[in-house]
Each structure stands twice: as C-alpha cells, then as structure tokens.
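Residue numbers (this note's numbering): 2 to 84.
Keep in mind that the hints were calculated from the coordinates and are not lab data. Check each hint, because a few of them may be wrong.
No more than 20 Å apart at the CA atoms, straight line, and that leaves these computed lysine to any residue pairs for SDA-like [what the hints assert, rightly or not]: (1) Lys61 x Asn46; (2) Lys61 x Ala72; (3) Lys61 x Arg50; (4) Lys61 x Glu41; (5) Lys61 x Asp6; (6) Lys61 x Asp73; (7) Lys61 x Val71; (8) Lys61 x Ala42; (9) Lys61 x Glu43; (10) Lys61 x Ser38; (11) Lys61 x Glu45; (12) Lys61 x Ser40; (13) Lys61 x Leu39.
Label pairs and their computed distance ranges (CB to CB) [to be verified]: (14) Thr21 x His84: 41 to 51 Å; (15) Phe59 x His84: 39 to 49 Å; (16) Asp15 x Glu44: 15 to 25 Å; (17) Asp23 x Gln81: 42 to 52 Å; (18) His84 x Leu31: 43 to 53 Å; (19) Leu28 x His84: 45 to 55 Å; (20) Asp7 x Pro33: 11 to 21 Å; (21) Phe12 x Ile55: 11 to 21 Å; (22) Leu28 x Asp73: 33 to 43 Å; (23) Ala9 x Val83: 26 to 36 Å; (24) Pro33 x Gly68: 43 to 53 Å; (25) Met32 x His84: 39 to 49 Å; (26) Leu22 x Gly64: 50 to 60 Å.
Cβ coordinates follow ideal geometry from the N, Cα and C atoms, glycine included.
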Amino acid sequence: FYLRDDIAFTFVSDEFNGVTLDREGNLRPLMPRQFRSLSEAEEENGQSRIYLGIHWAFDKREGITQGRRVADHVFDHAFQPVH
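All chains, please: the whole structure from these sequences, using the hints.
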C-alpha cells in the first residue's frame, strides 16, 4: 500500500494515556511512544510479548509474518471499485 517503511509516527496506548487508572486507583501517566518506522513498532510490540512471558520468539516471527500477509490481503482486496 505505502510501499515504504520509513513512516514515523507517535502512538499512545489506552493503558498509558494520562486518563486511565491502575488497580489501586492511581492515574497512569501519559507515555507517548515514537517510532521511526512501521517495522520498528512491529518489532517492539512482538518483543514486548516475549518479555511479558506471553509468547516465544517463534510466535513473534510467525505473528509478524502472518500479520503482513493479512495486511497484504486487505490492501489487495479492500476499497476496490464496485462493478
């Protein structure tokens, strides 16, 4: 779709948006995260799941591969002219 990866952006999660509370009722801080590319965000997100003990490295690799396939399919088939 974009045919490039060097798209910088800032992301704010719902968990650290300066509005939500932790389980003790304390306000969580606003913590925007800046990325230089889509693949940088993809890699960091996958690695964070490993650090949390939720997934293994092969889950990250396969998840990124599958996510890219899904994205390619959506971009190839969505928003097409109606005949």
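**Prompt:** What hint numbers does the structure not satisfy?
**Reply:** Hint check: 24, 26 fail, others pass.
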